[in-house]
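Residue numbers (the numbering used here), protein chains in the order written: chain D, 1 to 246; chain Z, 1 to 767; chain C, 1 to 239.
Certain hints may be false.
What the hints assert, rightly or not - Listed below are the simulated DSSO-like cross-link pairs for lysine-lysine, each with C-alpha atoms no more than 27 Å apart in a straight line: (1) 186/Z with 296/Z; (2) 209/D with 756/Z; (3) 365/Z with 327/Z; (4) 122/C with 492/Z; (5) 183/C with 211/C; (6) 122/C with 82/C; (7) 209/C with 183/C; (8) 49/D with 723/Z; (9) 756/Z with 206/D; (10) 635/Z with 717/Z; (11) 186/Z with 699/Z; (12) 492/Z with 76/Z; (13) 76/Z with 171/D; (14) 365/Z with 280/Z; (15) 492/Z with 505/Z.
Derived by calculation from the structure, the hints in this document are not laboratory data.
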Amino acid sequence: MVQPAQQIAAHHWGMTVDVDRCTGCQACVVACQAENNLPINLEEHFHQKRAFEWIRVERYWEGEFPNIKARFIPILCQHCENAPCEPVCPVYATYHNDQGMNVQVYNRCVGTRYCANGCPYQVRFFNYWEPVWPEALRNQLNPDVTVRSRGVMEKCSFCVQRIRRARIEAKRDGRAVADGEIQPACVQACPTNTLVFGDLNDPNSKVSKLRNGRRAYRLLNDALRTEPNVYYLARVDNDEAEVAHG
Amino acid sequence: MTKRFTRRQFVTIAGASTTGAVVFAACNIPEEEFVVQSPSSLPEDLVRSADTWYATTLASEGGDSVLVRVNEGRAKKVAGNPDFPINRGKQNVRAEYILQSMYHPDRIATPMARRTRGAPLRPISWDAAEAQLKAWVAESGDRTTIVTNPMRGHAAWVVGNFARNAGGKHMAFDPLDQTNLYAAIKRVFGQDRLPEFDIENAHTILSIGADWLGTWVSPTRFSVKYGEFRQGEGRTRGTLFHAESRMSITAAAADRWLPVRPGTEGELALGIAHEIIEKKLVPQARIAAFEAGVPKAVLDARTLANVARTTGVSADRIHEVAEALAKHGPSLVFGGGSAGAHTNGTNNLSAIYALNILLGSVGVKGGVWFNPPSPFAGVPAASSGAPFIEWERELARWRAGSVGTVIIRDANLVYGLPRSTDPAGALANVEHVVAFATVLDETTELADLILPENTALEDWGTDIPEPGPGYPAVALQQPVVGPAYTRDGTAKLSDARGFADTLLKVSGGAAGGATMRDVVNSAAGGLYGKGSGSVKAPSASLFMQGLLARGGWWDVSARQSTSAPALRAVVKDAAADFSQTEPAVEGETLHLLPFASQSLGDGRHAAEPWAQATPDPLTSAVWTTWAEVSRETAKKLDVRQGDRIMVRSQLGEIEALVYIHPAAAPDTISIPVGQGHTRMGRYAQGRGSNVLAILVDKKDAETGALAWAATRVKVWKAGGARKIPMFEGGAEEARAVEPGFPILTVRDGESAEDAKHRFEAGHKVLH
Amino acid sequence: MLEFMNRMRRTTPLWVKIIVPLVGLPVTAALAFAVVFVITAWLGKPLPVFGFGEGPEQPIPFPHTAHAGTAVLVDTAGMARKDAQGNDLHGVGLDCAFCHRTVTQSASAGIPAREQCVTCHKVIGSADKDTLARLRELGLGGIEGAINWQRVHRLPDSVRFVHEPHIRYLTTHPAAIENSPDKTIGSATSVTPAQVCSTCHGDIATMTKVKQVEALKMGQCVNCHRDNGAPTDCITCHF
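Sequences and hints are given; from them, build the entire structure.
Right under this line is the structure:
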């Protein structure tokens, strides 16, 4: 007997990044590494520019000493609606799902790296090595997340394991996923509450309200029309006259 | 088949034949993560594979409470405890490192001892080790010294008791000496404990010297408050002024960074006070209250022009800060860190904190709030290290052979003390040296008896957050996992025991109880007796369960009353020196600014690979020691990015790689603390240089604290270069993500769209 | 034919006669191995020949017949085992979730800690059995050592399977249950969690040594998901 299709709440996951709150402290970066079994970035990986950070904090300088400003901006996979990485994959290892997420399927990936070349945000990473941990450190690995092997691409998944878990639990309890119930590791860790995650389809969610705010913009969207699901809230600075831009 | 056969290896092999796609499923792969371990001390673990989240505290800076995810008896993830009023569900960058500390591949496995000094270490049993420790302490009596990190809570209480019972003493070591901060708080506010800063409700903040968003005192809590200060709901955006000689992440977060000349921070504070008073920006009564503590003669000399000249901060800026603080309250002024690390450190910090009196910011919303004493009698709520002068005296005693037994725990003296004290030489003259450690470091490896110590996730204890939230608060520490085993399940990774637990056992319970668990239980009983606070329970045992579940106890109703104290002699000496800037020795042209690393702290996290690989926020450098110099200085030294330079003070020299820093002041060189370990496990060993090794032994004139930011150095090109490992691309600055706008900024009330148009109008060429 | 062979004997040099069997044998063996490998892969589990399909040896033999089954227990000779009074011994028929406790709560079904084994085996089971003696020693003698159970059912890499929602769904939709020893379960009104395990694991209660019955290939997962209206998005399982 075939059961009727179950009603699946139409979520559309998204994130806001309030740059005005960000201090560049790197708490999100380390929390992500711990949650998602990212390989240890050894010194040589940095030299080769092959270090992994699914979320990173970029820093830009503006102006000259002493009127110089350092600006931080956390960059993670933007989960674009028009993702440049998706059409270039010859094996459909990356695709857009119906919940607004850009998905990477490790099993399908054959490591062409086209997607990384296509990504204007540079948030896709290729496993050039088999990840290794000393035996003792393996105890920490998260059992909910695959340890990616050599030769596949990886990137921010919006902590899909946490989304899955929250949805399963909500369904078990016969309720909807509450706003704020799902916190990717970076969002949970961020001490200044720079990062907010939630359902963009829910007009009352915090993330919906924030992305409709006046300071909201999306990275590179004007130029490339990638339609990211990650919204940035601009840093406030009344000092323009004194700080040289360019 | 013991080796894990991964999908990739398989595809590689299968790809050689044409059957790859079909063969894929045929390998029977043994599951390595399947050794079911049995930490039987945790009843919940009888049921495997369900997650359990335990609340505990890491006994780290600030006293954050965390939840630890435990699955199959292993700790997987650390997350802030959303219940706890200090960190409110958040964590700082260093919280996660505890997992790698616990599962460190170089953790000391068993107790070890040497037959004689210099003989190799050999494993001994815990019973033998404890008997040895007991015998040595009994033999030494009042010639016993216990050296630890600055500890709080009941572990500190037990250590204190143990030392007192033996007749010896307990000293805490903080390489970046904060004695002056406590001295200044005492002098200005009459408080023994750090006050709480109501950052989230302040409108204008001036912070001086303290990197409070990164490493200073309680960064998680301050960051939570900072987020609200910026964009909290229902408030206007706050304005932050930050004066510091080096650009820290706090300086980067500020609306205005004031790169003050090192050592003149107090001068700046007095200049601001002078401006406020001269322009009569605050009511006369407050001016009078302020002037009761600051002699007129001192103030009169601090005219705008004078102060601008000494501090290097322009007169306009000083005026701007003074006006903003006075007119756009609530205002808050605080400082610490490098501002207090000069020979005039206490004066500097006193002048800074006294500004709160002038601004009327004590005991008001958005101001300074005092903290109640510890809720437990005799248990310290403040954790300052001993001032450097006491270390000099103590090490002199060691060198003279007048100390019998030294017990060291998490205090890397050899690494952290100025070379003039020669800690290794002093230890050599101590009869018995006992060390507790997780991983061997430079100091513990000199010990005769080395005992593997539990990490914070394996111990019982309490922590009294510092500063408190303005009312009594206690964080509870409990073991969240049992010992970890090797993969075949036959041996423990480390046969570690608790430090305080061992002291209790050796003391036969005289130091406070039979075990730390008992100590914590009776402490909980004391809290239960109060009948107030965050946990309500009908019985003491249920109360204890409530404490464990919530991660601690706090009592919002018992807020400490705070009122502005009458100022007395904030600046004790009218001729107090606020401008120690002249080089003592020819050629020492640069001011050395050591700073606590965002990831490695004062060096204690250097063993953990995550910490090593966490990019420095401003330079994105990792795994090494770099020296930040301005373009101008680099030109003078004829060096480029990555060139090796030698940095020499009167007490030694180190090598570092040049990082040309656009925000470095021309007469300074900033070097992060934390690297340059000769021991400390595979990830730290032989990496970078230790800047603490070249600090000169200058002290604060009053407190004897180490003036760790008062070293001047001579710098020269050493020849050769090496690429600095950095996350950022190449030697250039990071490529802008948004073409044309490095990071889009808006003015208050402006929309992002409008800002873009404004930028486009002003900058025709986007690049 | 005979003539041909005679000519062969005459014309083929001796060294060829030696080399061909020497090379041919390994090549044939390798081919046979490869064929078996491919068939095995296609089936998704080892071939049921020479005992390959019997599942791995466990460090302590754990007969599910005795624990989960209710049938009469038999010894190696196929004779019914008797108790002291001469009555037939039956399996105790424990619910699967009695030991695999987290199956209704979390991703992994869970292997019980050895303390749980010892809880019963402190008193149950004859003391002269080596395995039980070892178990008691492990379970009661402090916390040194662990039982290194061998996994029987293992999904390929990068697949995340969560037991809980599957058990929940099948207990409320018995029509989707497969392989159940109870042929009428499809129309049952109330189903316990233990009755649905057979869908993927087969009738474990009849296995002295647990072996994999179903291939557990992706086709199976997807078919069932599609038939039951469950999501077939890749990241439902692959992350």
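Results for each hint:
Only pairs whose Cα atoms come within 27 Å are accepted, and residue 186/Z paired with residue 296/Z is accepted, the gap being roughly 22 Å. Of the pairs offered as hints, the one joining residue 209/D and residue 756/Z holds, with about 21 Å between alpha carbons and a cut-off of 27 Å not exceeded. Between residue 365/Z and residue 327/Z the alpha-carbon distance is near 16 Å, which keeps this suggested pair within the 27 Å criterion. Taking the CA atoms of residue 122/C and residue 492/Z, the gap is near 26 Å; set against the 27 Å cutoff, the hint holds.
As the CA atoms of residue 183/C and residue 211/C are separated by approximately 22 Å, the hinted pair is consistent with the 27 Å bound. Of the supplied pair hints, the one linking residue 122/C and residue 82/C holds, its CA atoms being roughly 21 Å apart against a limit of 27 Å. Our distance criterion of 27 Å between C-alpha atoms is met by residue 209/C and residue 183/C, whose separation comes to about 24 Å. Between residue 49/D and residue 723/Z, the direct Cα distance comes to roughly 12 Å. Compliance with the 27 Å bound is thereby established for this hinted pair.
Restraint check for residue 756/Z and residue 206/D: satisfied, since their Cα atoms lie roughly 25 Å apart, inside the 27 Å limit. The straight-line distance between the Cα atoms of residue 635/Z and residue 717/Z is roughly 11 Å, inside the 27 Å bound, and the hint therefore holds. Taking the CA atoms of residue 186/Z and residue 699/Z, the gap is about 19 Å. The hint holds against a cut of 27 Å. Among the hinted pairs, residue 492/Z with residue 76/Z is consistent with the structure: their alpha-carbon atoms are about 18 Å apart, no more than 27 Å.
Under the criterion of a C-alpha separation no larger than 27 Å, the hint pairing residue 76/Z with residue 171/D is consistent with the structure, at around 26 Å. The hinted pair formed by residue 365/Z and residue 280/Z meets the criterion: a straight-line CA distance of about 23 Å does not exceed 27 Å. Of the supplied pair hints, the one linking residue 492/Z and residue 505/Z holds, its CA atoms being roughly 22 Å apart against a limit of 27 Å.
Every hint, counting from the list given before, is met by this structure.
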